[in-house]
Structures are given as C-alpha cells and as structure tokens.
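Q: Fit chain C to the supplied structure of chain L, relying on the hints for placement.
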Amino acid sequence: MSRNDQSVPGLRKADFWTGLVLVAISVFMLVETLGYPLEGSYAGVRNAWYVSPALLPLIVSAFLIVLSCSLLATAVRAGAARAALADVTPRALRGHAGAARDIWIVAFILGGYIYCLVPRVDFTAATALTLFTLAAAYHLPTARVRKAGLGVFACAIAAVAFAALAGWRPQPRSTAADLRDLGVWVAFLIAAGSVAWAAGAPGLGRWRRCLVVALGTSLVLSIVFKWGLLVPLPVEGVTINTLDAARRLLVR
Amino acid sequence: MTVLDQFGAFAGALAGLLSQPVSWLLLIGASLLGITFGALPGLTATLGVGLLATLTYSLDLNMALIALIAMYVGAVYGGSYSAILLNIPGTAASAASAMDGYPMAQRGEAGRVLGLTTTASFVGTVVGMLALVVVAPLILEVALQFTSYEFFLLALFGIIISGTLQSSDLVIKGWIAGFLGLALSTVGRDGLMFFPRFTFGVPELDSGIEVVPVLIGAFAIPQIIHGLREGDGAVRLQSVGRILPDIRTMLRNLKHVIRSAMIGVGIGAVPGVGEDIAGWVSYGTAKASSPNPENFGKGEPAGLISSETANNACIGGALIPLVTLGIPGSPPAVMLLGALMLHGLTPGPMLSIEQPNFLIELAAIMVLASLAMWINGMLLARQVVKLLRIPPSLFLPVVAILSVLGSYALGLSTFNLYLMFAVGLAAYFLTRMHYPISGLVIGVILGPMADENLRRALMVGQGDLTPFVTRPLSLILLLAITLIVLSQLPAYRRWRARALQRLRTAGAGGEGA
Numbered sequence: 001m002s003r004n005d006q007s008v009p010g011l012r013k014a015d016f017w018t019g020l021v022l023v024a025i026s027v028f029m030l031v032e033t034l035g036y037p038l039e040g041s042y043a044g045v046r047n048a049w050y051v052s053p054a055l056l057p058l059i060v061s062a063f064l065i066v067l068s069c070s071l072l073a074t075a076v077r078a079g080a081a082r083a084a085l086a087d088v089t090p091r092a093l094r095g096h097a098g099a100a101r102d103i104w105i106v107a108f109i110l111g112g113y114i115y116c117l118v119p120r121v122d123f124t125a126a127t128a129l130t131l132f133t134l135a136a137a138y139h140l141p142t143a144r145v146r147k148a149g150l151g152v153f154a155c156a157i158a159a160v161a162f163a164a165l166a167g168w169r170p171q172p173r174s175t176a177a178d179l180r181d182l183g184v185w186v187a188f189l190i191a192a193g194s195v196a197w198a199a200g201a202p203g204l205g206r207w208r209r210c211l212v213v214a215l216g217t218s219l220v221l222s223i224v225f226k227w228g229l230l231v232p233l234p235v236e237g238v239t240i241n242t243l244d245a246a247r248r249l250l251v252r
Numbered sequence: 253m254t255v256l257d258q259f260g261a262f263a264g265a266l267a268g269l270l271s272q273p274v275s276w277l278l279l280i281g282a283s284l285l286g287i288t289f290g291a292l293p294g295l296t297a298t299l300g301v302g303l304l305a306t307l308t309y310s311l312d313l314n315m316a317l318i319a320l321i322a323m324y325v326g327a328v329y330g331g332s333y334s335a336i337l338l339n340i341p342g343t344a345a346s347a348a349s350a351m352d353g354y355p356m357a358q359r360g361e362a363g364r365v366l367g368l369t370t371t372a373s374f375v376g377t378v379v380g381m382l383a384l385v386v387v388a389p390l391i392l393e394v395a396l397q398f399t400s401y402e403f404f405l406l407a408l409f410g411i412i413i414s415g416t417l418q419s420s421d422l423v424i425k426g427w428i429a430g431f432l433g434l435a436l437s438t439v440g441r442d443g444l445m446f447f448p449r450f451t452f453g454v455p456e457l458d459s460g461i462e463v464v465p466v467l468i469g470a471f472a473i474p475q476i477i478h479g480l481r482e483g484d485g486a487v488r489l490q491s492v493g494r495i496l497p498d499i500r501t502m503l504r505n506l507k508h509v510i511r512s513a514m515i516g517v518g519i520g521a522v523p524g525v526g527e528d529i530a531g532w533v534s535y536g537t538a539k540a541s542s543p544n545p546e547n548f549g550k551g552e553p554a555g556l557i558s559s560e561t562a563n564n565a566c567i568g569g570a571l572i573p574l575v576t577l578g579i580p581g582s583p584p585a586v587m588l589l590g591a592l593m594l595h596g597l598t599p600g601p602m603l604s605i606e607q608p609n610f611l612i613e614l615a616a617i618m619v620l621a622s623l624a625m626w627i628n629g630m631l632l633a634r635q636v637v638k639l640l641r642i643p644p645s646l647f648l649p650v651v652a653i654l655s656v657l658g659s660y661a662l663g664l665s666t667f668n669l670y671l672m673f674a675v676g677l678a679a680y681f682l683t684r685m686h687y688p689i690s691g692l693v694i695g696v697i698l699g700p701m702a703d704e705n706l707r708r709a710l711m712v713g714q715g716d717l718t719p720f721v722t723r724p725l726s727l728i729l730l731l732a733i734t735l736i737v738l739s740q741l742p743a744y745r746r747w748r749a750r751a752l753q754r755l756r757t758a759g760a761g762g763e764g765a
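Protein chains in written order, with my numbering: chain L, 1 to 252; chain C, 253 to 765.
Chain C extracted, bound-state conformation:
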C-alpha cells in the first residue's frame, strides 16, 4: 500500500466510524467510563478494559474495539484527576503527575492543570497512534519471516523481559511469576493430542483455564483487598475552576512533549512494561534535562506535561508488539489481547494478511478515542471529579460484584468464578510479596503460543534443536534472552561492579598523572 492508499483507507475508516451514531455513543460513553475508572483510586485501566471486555462480548468486533480503546485511553488519562486533586494517583500511570500537578492545584490552578493534562494526554495518544502506524508495518515485514522457532523464543523473551523489568524486589520473582503463568496455561487438553494435562478428572478444566476471568481475578481481587484494607481516609478535594486548554504552555514545553512522546512509545513497545514506568522515566528525564530542576516537585508544568504525554503515548507503543507479534506491551494491552481473542481475532503477523485494514482501523479508532477523551475532559471533568468523593469502601464492593458478573458472563459458567477468585486470592499474596502479576498474566497469555510453536518447530526438524541457533532471527532472540538472564546473575553483577571500579580507578590515576 502506498502512503496515499493508506491515507485514503484511514480517511475511509474514520468516515465509516463517524457515520454510525452508535459509534459516537460508544466512544463518548466508554471514554467517560474509562476516565471514571482511572480517576477512582483503586481502579485501574487494566481492570476497566477487562470488565468492559466481558460486557462487550456480544458486540461485533469493531464496536467492541471502539469501546475498549476508548476505555483504555480514558482510563490512562483519568488517573491524573485524583493525582492532581487529591495527591493520590488514580492509576500507577499518573503517579509522576501528582508530583507537580497537586502543588499546582493547591495554588488554585486546578482548572488550568486539568486543561494541561487533557491536552498533553491527547497529544501523547495521537503521537502513539502515529508511531503505531509507522513502526508496525516495519516490524511486520520482519515478523512475517518468523517461523515456529522464533515464535517460541519470542514468547520466552516476552516472559523473561517482563519479569526482569517489572519486578520491584528480586528479579527471580518476576521470572517465577512468568513461569507460574506458563504452568497455568498448560492446564487442559493439549492442542495436538488432546491429552488431559493437570485436569485431575475435573471436566470443566478440559478446555483449559479461561483467560479473561483469570486476568480479572488476578488484577481485581488484589486491588479490592488492598483498597479496602487501606481504608477511606480523609478526602480533601481541591476545587476546580474553568478548564481550558493551555496551548501556550504546551508550545513553550514543546521539546518536553516530543521527547516524552518518544519515551512513552519506546517503553510501551517493551512487553509487560507499562504506562507507570513511561511516566516516571519521562518525568525523570525532563527534570534531569531542565535548567531549573529544583522547580520540579513544586508545581512545574514541564513535569506534569512530560508524565502525562508519556503515559498516553505508551498506549500506541504497547499496541505495536500486540498487533505485530501478538505480545502485549503493557498490562492493559494484556487485557486487550484477551478481549481480541474472545472475538476470534489472533493478533500477530498473520493479522496483516487476514485483516489487512485492521491497523488503519485501529489507528482511526485511537484518533477518535483521544478526541472523545479530550471532549469529555474539557466538558465533563468537573462532574467526574465529584465522583472522587465516593469512598473506596462503597465503590470497591461494587467493583467486586462487577468482576463476578463479568467473569460469569463469559461462558455462563460458575466454574469461571471459582477459578477467578482462587487465582485472585493467590495473586493478592503474590503481590504482597512483590511478585509482578503482569508477568504471571503474560505467561498465561503466551503459554499456548509457546507450547504450540515449540512442538511444531521440533516436529518439522524431527527433534533437531540446531535451528534454534542456526537461524539468524532465532539466534538473535536466544542471545537477547541469554544476555538478559546473565545480566541479572550475582556473579555477573559482581564482575561488572569490579570492572567499573577498575575503570574509575584507572581514570582517576590518569587524571592525577
């Protein structure tokens, strides 16, 4: 497709979506729901996408995609409301926004801050969409050369890198979480011989573990328990005046906007790493590169703009590996993958052949979702803010019931509920011990891909393992996995520390001479 053809397809997709009133309703409604989900502390974009995935199960793919993307974009943006007005991030993605957003709100600039964050989020989402449209076809060119060997190693790579980057304690815990997810994915009858694995005679386990209820349980139950344990606390909401788009401030901080968008896209493209890291890295970079770093944390607009642009640009970045390789780039993208699979769509390189216009339609939906988010933000933010007065002790039990109903709605099976709760309780204890749950769910999602491709690859080679090292792409992936693992070993870290110390000593000795 030439650039002109792509632009024509994009315009056609936009026109097609805009011509249906239902699309508008879904866009505005899902975006508002997403903003609400993001704004309420204790609720996350991941949970919002997961619950909406169950509610949109009966819709056709396009309508479901509109609702889910609008929810995703809205929720990532919505986290800034409570970050700015309460100094409590609504979602982890907005944690960095509280650093400067809250002091600005305390100065009586809450309306201006919300306007800034809305515009920054809009710009970030659009840049992320542009990156998706430009980069994804390039990756697809490479991915279409992938065979079973590469797909197996890709699944392993996704689990290892996600565990390495997401673990807040020992890296080993991230890897354990990933392999536990892989172990869960093997439950059920295998695809090749229909042999029952770990079913223990329970007929409901024959078809394996239903992915979306497990995801909902893994994210919802820990959030609910944690939120209720934290208690309600005193709500001191900053008052909000008129919300206006502060274009002048955005233009003054243009370099922060562009850099933050690039950071967001880059971090989003790394499997399992999400909007929270994008926000913090961008904030840290803005502070480090600022001529006045001492202003950060006291109400510096550049800090707010950097984190909000990055966390929304991350959405487009997270969709790049999702669409091209079938590997989700962030926790909400994990849920999105589950939702797409519910609709019979398998993201990956074959998608470009089976549904050649999917990428363009997704880009059109992202543009409209960011527009809906901007409209909702400018017009309805003051109404949404009132919801922040609802204490967690009242809305978290409702979320629990929604999780139960949503899990039941898929397949109409109470067994899904039993699994959801059991996995959720286990996930809570794992979270308490600093195991990254996103690593576990990535293992669950990528497990079937790893299993199927490993056996297919070995079947082709009659058990020969050498193609894993003789095929160039396989070798690159294998080396990447090996390097990541080696870099975390204590022996390597000690050697690296000694080498750096020797370099510093040699450098100091050279200067002294």
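With the rest of the complex left out, here is chain L:
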C-alpha cells in the first residue's frame, strides 16, 4: 500500500482523528464525573445514586465512549488509521494548513474581535475595523489586500492585548480611554488606506463598498441598539459618547 493511500476517503481519515479526540473527551468526562458525589448527602440534601448529579453525565459519557470507539473502529476498518498517520508529514500538514487558510482567516478576525476588542475598546470603532478587515479580505480577495488588511488588524489586536496584559485598564470616559478608542479609529483609517493602496485603481469600487458597509453598519447598529432597543453596548467609548452629546444638542 502506498504511503499516502488516496483510496481512503478524506472523511474516514478525519473520523480517525475525531474518534481519538472524542474518546479522550468522553474518558475525561467519565473520570471527572466519578469525582461527583454518588451517595451520602450534599448541601443538606440526602444523596443516592439515582438522584446524584453524576447520573446523567455518567450515562452520557458511557454512551459517548461506546459511540466514539465504534466510530474509531469504522475508520480503522476502512484503512483510515494507516492513511491518517501517513498524512502526518510536514509537507502534508502544510498542504492541510493551506487548504484551511480561509477558516483561520475568519477565525482570527472574529476571534480577535470577540476575545480582544469587544470587551476592551469602543464597540463602534472595534466593529468598523473588524467589518472592514473581514469584508475586504473576501470582497477584494487578493493576497496583497489580505496581507495589508490583516496586518493592520493583527497590530491593533496585539496592541490591545499587550495593554490588557500589562494591566492598563483606563477608567470609562477618561482621557486615556478616549485615546485608546481613537487609536482603534486610527487603526481603521490605516487599514482603509493600506487596503486602498494594495487594491489599486481597479479595486477602488469594491474598496468603497467595504468602507461604506463597515462604517454604515457599525454606526447604525450602535445607534439602533443603544437608543432604539435600549441595549447597552459592551464598551461605550468615544464614539457613543460623541453621538450622545450630539443627540442631547439636537434634542435641546
């Protein structure tokens, strides 16, 4: 049999790896559950196996172990084990990484937005930057544009993450907080500029659409949620404060 057996469907090879992962998760779940009280009493309530908090997790983990082993067995019978292990070469892994590039781009942008930007900086600015980066990556899908947009986004994420790790948490409505939020807007402008440069004249129409979608959506959503649905935004920074001040002037 050849080292990379092309006759084994990719799905069965994937089943081999997921089977291993699922077995590991189910065994972990079982071990963790065995530490839960199965008798005696807890918090003043008499415990027995049939009312134990461990009952359903035990049943579920047992079924998951059986099903995962069955999945693994199916994959092994199809010859997937040998084929999957043969795929673990630097060249094959590079190939897989290349094929999964789109997944990682989207995961990186959305993950950076959710885990890094949303809890820490002005929501409108964070949304505009993220929307523009994500839209440009796929509406102007050239390598140059992606490098430009993702590069700026990555720098913005890194800066926010570094500040958070260093313990910098400015008070809301303080000058430091405003400067932080303006920094994100500057990152947005740099991203817009570098993508425009990377796209060149032929891509300017699409670049404009990405810009309009990013700015329009972030502003409209912020306004609708904040003043329409009365849902506070995760971080209301310089943009919302400015809009609020403008609203008060107009209402007066």
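Watch out, some of these pointers could steer you wrong.
[Stated by the list, open to error] To spell it out: a stretch of chain L is covered by chain C in this simulated footprint if at least three of its residues, at any positions, have a beta carbon under 8 Å from a beta carbon of chain C; those stretches are: (1) 14 to 21; (2) 69 to 77; (3) 117 to 131; (4) 172 to 184; (5) 211 to 224; (6) 229 to 236.
FYI, nobody ran anything at the bench for these hints, they're computed from the structure. Just so you know, these numbers come straight off a predicted model, no measurement behind them. Ideal placement from N, C-alpha and C gives every residue a C-beta, glycine not left out.
A: Coordinates of chain C only, in the frame set by chain L:
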C-alpha cells in the same frame, strides 16, 4: 372546549391582534425581514429566528411571538427567491424548488413562478396551522398522562430519531452529536443539589450554558465561514415581470397541493427533521406519481408547487411536537423553543393548563403571518429580489456582527460571546465532517428535561427501574428507541439484506414454476 368555543376564541384572538397597529407593523416588518433572510444564500430561517429572538427579548410574549412566527414563515418562503432566480437555494428548504423553478424563470416566467410559489407557500402554511389546531389537542390528551418516566424517554427518543434522520454520513455521527449536546447541557450547577458540574471554577459557568448564544453560534459561525469560503461567484439574476397569483395552475395541481401539505405536516412533526427533507420528499413523491415524470426538472409547475407547499406546511407540523411535548420538530423550531424559554414559557403538556388559549393564539398568529407573507410576496418581491445582488462577502460579515450583538444582548455578558464563538468554531468542524448540528442543539435543549425527569422518576421509585418497562407509554417509547437503534446496526442490516434477497429469490422461483 367545543368546536364553536374554539372558533370563537380564534376569532377573538384574530380580532385582538388586528386591533393593534403595532401587531401589523411587526407582522409586515418581521415577514419582510424573514423573506430577506431566506432569500439571501448563506442565511437560514434558523439563524433569522435566532437573531430575532435576541432582538425581541424585551417585547412582551405576544408581540415577540408575532415577530418570530412571521420571520419563520417568511424565511422558509423566501428561500425560493434565489432558488428560482439564481438556481441557488436561499435555504435548504427550497433546494427542491430550484429544480423546476429556475428552468421556468429561464423561460421568462419568473413573475408567474414567484406568484405560484407565494400562493403555494400561503396554502401550505394555512394547512400546517389547521393540522396544528386539530392534531395538537389529541396529542395533548396523551401527553397529559406522561410522567417523568415518559418525559425522559421522550427526550432520548428526540435525540436518537433526530440523529438517525439528519445524519448524511454514518448514523453514529448523528447520535454522537446528540450526546455531545446532552453533555453540554450538564454544564453548570444541577437543579436538585446545586452541585457544580464541569464548571472548573469558572463562575460564569455556574448557571450553565446560555442556550440561545450557543444556538446562534452553532448555526451562524459555520454558515459564515462556509459562505465566505465559497466566494461571491457571478450573479446572473433572472428578470422578474409582474407577479400574479396563478390560481388556475394551483387548482389544476390540487392533488399535489393536498398531498404535499400532508407530507410537510407529517415530516415536520418528526423531531429534528426539517423543511428541507419535507421539500425533497414531496418533490420526489410528486414526480413518482406523475404521468409525465420526464417533465420534472425542466420547468414543471407541479414540482415547484409540491416542494413549496410541503416546506411551508412543515412549519405547522414542527410546532405540533413543540407545543404538545416541548420537543422541537425542526431546526427553526429549536430556535423558537429557545426564544419561548427566554420569555419564561415552557412548551409542553402543562402549557395547555397554564395558558389554555396559547394554541388558538398561535394559530391566529400563523394565519396572519401567512397573510403578511403573501402580501409581501405579491407586492414587494421585486424589491427584495434586488437584494440578491448583494454579494455574500458584504452581507455575511454584517451577519457575524449581528450574531455577536444578539448574543451579547441576552444577559449583557461577554462570556456568552466567548462561548458562542467557541461552540461555533467547533460546530463548523463538526459540520465539515458531516455531523448534524441540529442533533447537537436538540441535545442541548432537551438535556435539562432528560436530567430532571430521570432523577425525579428514579426518586419516586427509590431507584426502581422497572416502571420504564411496566408503564405502557414508557414501554412504547423504549421499544421505539430500541428499534431505531437496532435498525441501524450493521448486523441487522446484513440480516435484512439477506432476508430480502431470499424473498426475491423465492418470488422469482415461484414465478418460474
């Protein structure tokens, strides 16, 4: 309640809804939003209902229900727009509609086709509503006799059947998805002893995993990643002329309409199986029973009418187990269940006692939602169609942000966002490997019901397991689960194949003699 009383209550509910201008605004607006969601490839009815559930959180129950049902009905219908005009189904439910809808549009009949599909969807929704009103009370009579034993087995049945029917690869993957959902549902402090399970010292996990953000993540993130990876592609939109209701064609195909509506209701009532299967089964049945099956796939109105009537009738069918047993009949119904729970409503047999008019009000809302869908379809379809020119690379990022904001809006917790994204990413990989995500979310939804009822049942019997087999309803459910599992085992399949082969051989030998 006598039939006359029910009719009076129905008329009263309709009048009550119609008398409030806000209801009209919500109906037309949510229906239009639903049609837009359904029409845009990459967006689904499930996602639309889920996002709207977060936006309508602050409304009272009736208003929220109006918006959600109108969105559901509109989105299932809206999928036909891109199916007919682009040959790209907007939702899986309309995949069968593209087979004949697109060839008809290519012939220059796009306006007629949209009129047909609008009327077929309207009829399907109304028939589904009638089935809900007629069948649900009968099921409730039985369900009111359910005790904890039956509810636990019902939850297990829902997970097993959904995994069996929804899995496109190995059936085991469907079951694994369901049990993974059950596992997720055990996270948090249990309801009986408040013991922390799988919280790992994280305080935010004490109250368990918030269902709606998980649902949004499980459906939205895979759609967004998949849609962006597919790329924009060239958009060749068929032009749309006047849209008219083609009643004559509908009447000529009346038998297809009636049969498709029944198929849609029946399939919708099966937990976890949704509008897409209803559409295909109905289409296949229409083709098989047609005197001219060779016309199907070339622009045969019967094909379009069958799939569209069935997928909208499925809505009423999916609401039957939801309302009577608390088990969602389709993926959008899963979202609807999450939304109802957000408003403090627990669908199930007790609902008929706690809110005796709920079913009638739901039926009234469905009638108005289908009417709003028909009005929007006839008057505004040509405007909605223009939205099909928006490339996925522009609207999918917006959907991502809406998913984030919607998940945050419930509980105002960034932790929900972290969970939503993590579950979404995992769901994407599971989807790539052909695990049915609807099975996973049904496990998450039914997990608490399974946990609570199992322990309550065993508490009553002091650990005695025999009532699971001595109680008639329990035994039926247990046998159903056992038969479904056995029917998927390789050994049973081999035995069945051998038995069928022996029958065929015996039959052929008999004919030869």
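Q: Each hint needs a verdict: does it hold in this structure or not?
A: Each hint, compared with the structure:
1. 14 to 21: holds (count 3)
2. 69 to 77: Answer holds; 3 residues pass the 8 Å Cβ test.
3. 117 to 131: holds (count 5)
4. 172 to 184: Not satisfied, violated; 0 residues make the cut.
5. 211 to 224: Coverage by chain C holds here, the residue count being 4 at a Cβ distance below 8 Å.
6. 229 to 236: holds (count 5)
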